[in-house]
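Colleague: Spelled out from the first residue to the last, the chains are:
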Amino acid sequence: GQSLEQPSEVTAVEGAIVQINCTYQTSGFYGLSWYQQHDGGAPTFLSYNGLDGLEETGRFSSFLSRSDSYGYLLLQELQMKDSASYFCAVRDPFDRDDKIIFGKGTRLHILP
Amino acid sequence: GAVVSQHPSWVICKSGTSVKIECRSLDFQATTMFWYRQFPKQSLMLMATSNEGSKATYEQGVEKDKFLINHASLTLSTLTVTSAHPEDSSFYICSASNPTGGAQPQHFGDGTRLSIL
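First to last, the sequence lines map onto chains Z and E. Under this note's numbering, the letters of the first sequence match residues 1 to 112, in that order. Under this note's numbering, the letters of the second sequence match residues 1001 to 1117, in that order.
Careful: at least some of the hints might be erroneous.
Quick list of in silico lysine to aspartate or glutamate cross-link-like pairs, DMTMM-like style, CA-CA up to 25 angstroms [claimed, not checked]:
#1 E/K1020 x E/E1059
#2 E/K1066 x Z/D97
#3 E/K1041 x Z/D82
#4 E/K1020 x Z/D97
#5 E/K1055 x Z/D97
#6 E/K1064 x Z/D97
#7 E/K1055 x Z/D98
#8 Z/K104 x Z/E56
For each label pair, taking beta carbons as the anchor points, the in silico distance ranges come out as [said to hold, decoys possible]:
#9 Z/A16 x E/C1013: 37 to 47 angstroms
#10 E/T1100 x Z/G58: 20 to 30 angstroms
#11 Z/D39 x E/E1059: 17 to 27 angstroms
These aren't lab readings, by the way, just hints derived from the structure by calculation. Built from N, CA and C at the ideal position, the CB exists for glycine as well.
Extracted from the complex, chain E is given alone in its bound form (with noise of 0.2 angstroms):
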């Protein structure tokens, strides 16, 4: 079946530092892509709609140039956040659009876990 890599599952690093989330469909081509972050005992709020080779699209008071969103390549969508701060640490979940379209729409990562210090 359809698998969604994402790197790092998680990361601690200090206030200020930027930090790259990368997302990679494995077996199939995704030209859309989607973060997610959520934060403890809730949902899972849409980010951002990354699309191949255009600019991504973001969800109300999502900052754009916080979050850097990158997708090159048809297997490869980024996620950077910029200069971090601890209000960032949160659980960032990507997942890729699913090719044959039916009753699962996309295929999530694994998540990455953030925490800033």
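So that you can see chain Z by itself, here it is in the shape it has in the complex (with noise of 0.2 angstroms):
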């Protein structure tokens, strides 16, 4: 089966930087993705990564350590409008439907 583990709250400042940190096992692996949702929306995809290492999209970035079985989302300059739920996600590569299976979220707070 497929489990993904990451922290049920972070709370930052305003301008400051946050790092939201995702643990997972499968028994599988094809990739960690991250959404993100705000209250009474649905989830929007930030990013993927299907190998090591780091990917930049604006102030967001994600990383991944295949051997760690770890990846986490940075987000930078932050805004009052990132105060969302963020979740790791990871697909099932045995899943002829290409499902997706997702973290439990991480709810950020964000400080004026």
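Dock chain one against chain two, each of which comes alone in its own frame, and use the hints as you go.
Modeller: Below you can see the structure in the form of structure tokens.
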């Protein structure tokens, strides 16, 4: 089976940098993804890491270490609009329907 | 980019009512769609996988007779919550499998907030 662990809540100050960690245990691995979800909204795809290393997209970066079964999402220059829940997710490589398994989510609180 | 439309966005109805939620892929064909349920402050839980032209595959613990799924065309899947009760109140989200594959495997609808009185 697949399981992902991430902190339930993180608090940071506007303008600062925050890192959200994710560790996973999977029977197979097909990359780690990150999604953002604002209250009442649908999840929005942020990033994907299929190989080790850092992927950067604007203020957001995502890192993966497959040997450590670990990844993180880094948010820089935090803005109030970044207050949301962030989910790490994996795909099941043995599933013909390409299902996504989500972590429990990290609620990010931004303080002014 | 790929767009998935979900309707209605919110529903309030009496206990015992059946509610239908539609999920449409607007600019691509989706042979596979997914239905999720999300309770407040929790993660998305996959309920079922909907494949066009065949029966849906339900996750363990999801009652298939209560949550009826129909995927009659390559652009439309529907979820019907039959005889809904207050415990069925939740946020229901659909997604459609990305036909081009790549890093983003699914495109999500905006969700339906269901409140049963």
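Colleague: The structure should be examined with respect to each hint, and the outcome stated for every one.
Modeller: Verification of the supplied hints:
1. A hinted pair counts as satisfied when its Cα atoms are at most 25 angstroms apart, and E/K1020 with E/E1059 qualifies at roughly 20 angstroms.
2. Between E/K1066 and Z/D97 the alpha-carbon distance is near 23 angstroms, which keeps this suggested pair within the 25 angstroms criterion.
3. Proximity of E/K1041 to Z/D82 is assessed by CA-CA distance (about 17 angstroms); at most 25 angstroms being required, the pair is judged to hold.
4. With a C-alpha separation of about 24 angstroms, the suggested pairing of E/K1020 with Z/D97 holds against the 25 angstroms cut-off.
5. At most 25 angstroms may separate the alpha-carbon atoms for a hinted pair to count; E/K1055 and Z/D97 meet this at roughly 13 angstroms.
6. For the hint pairing E/K1064 with Z/D97, the CA-to-CA distance comes to about 18 angstroms; that is within 25 angstroms, so the pair holds.
7. Among the hinted pairs, E/K1055 with Z/D98 is consistent with the structure: their alpha-carbon atoms are about 17 angstroms apart, no more than 25 angstroms.
8. A threshold of 25 angstroms between alpha carbons decides the hint, and for Z/K104 with Z/E56 the separation of about 24 angstroms falls inside it, so the pair holds.
9. Here the CB-CB span from Z/A16 to E/C1013 is close to 44 angstroms, well matched to the stated 37 to 47 angstroms.
10. Under the hint 20 to 30 angstroms, the C-beta atoms of E/T1100 and Z/G58, about 23 angstroms apart, fit the expected range.
11. Range check, Z/D39 to E/E1059: Cβ separation about 25 angstroms, and the 17 to 27 angstroms hint holds.
Comparing the model with each numbered hint stated earlier shows that all of them hold.
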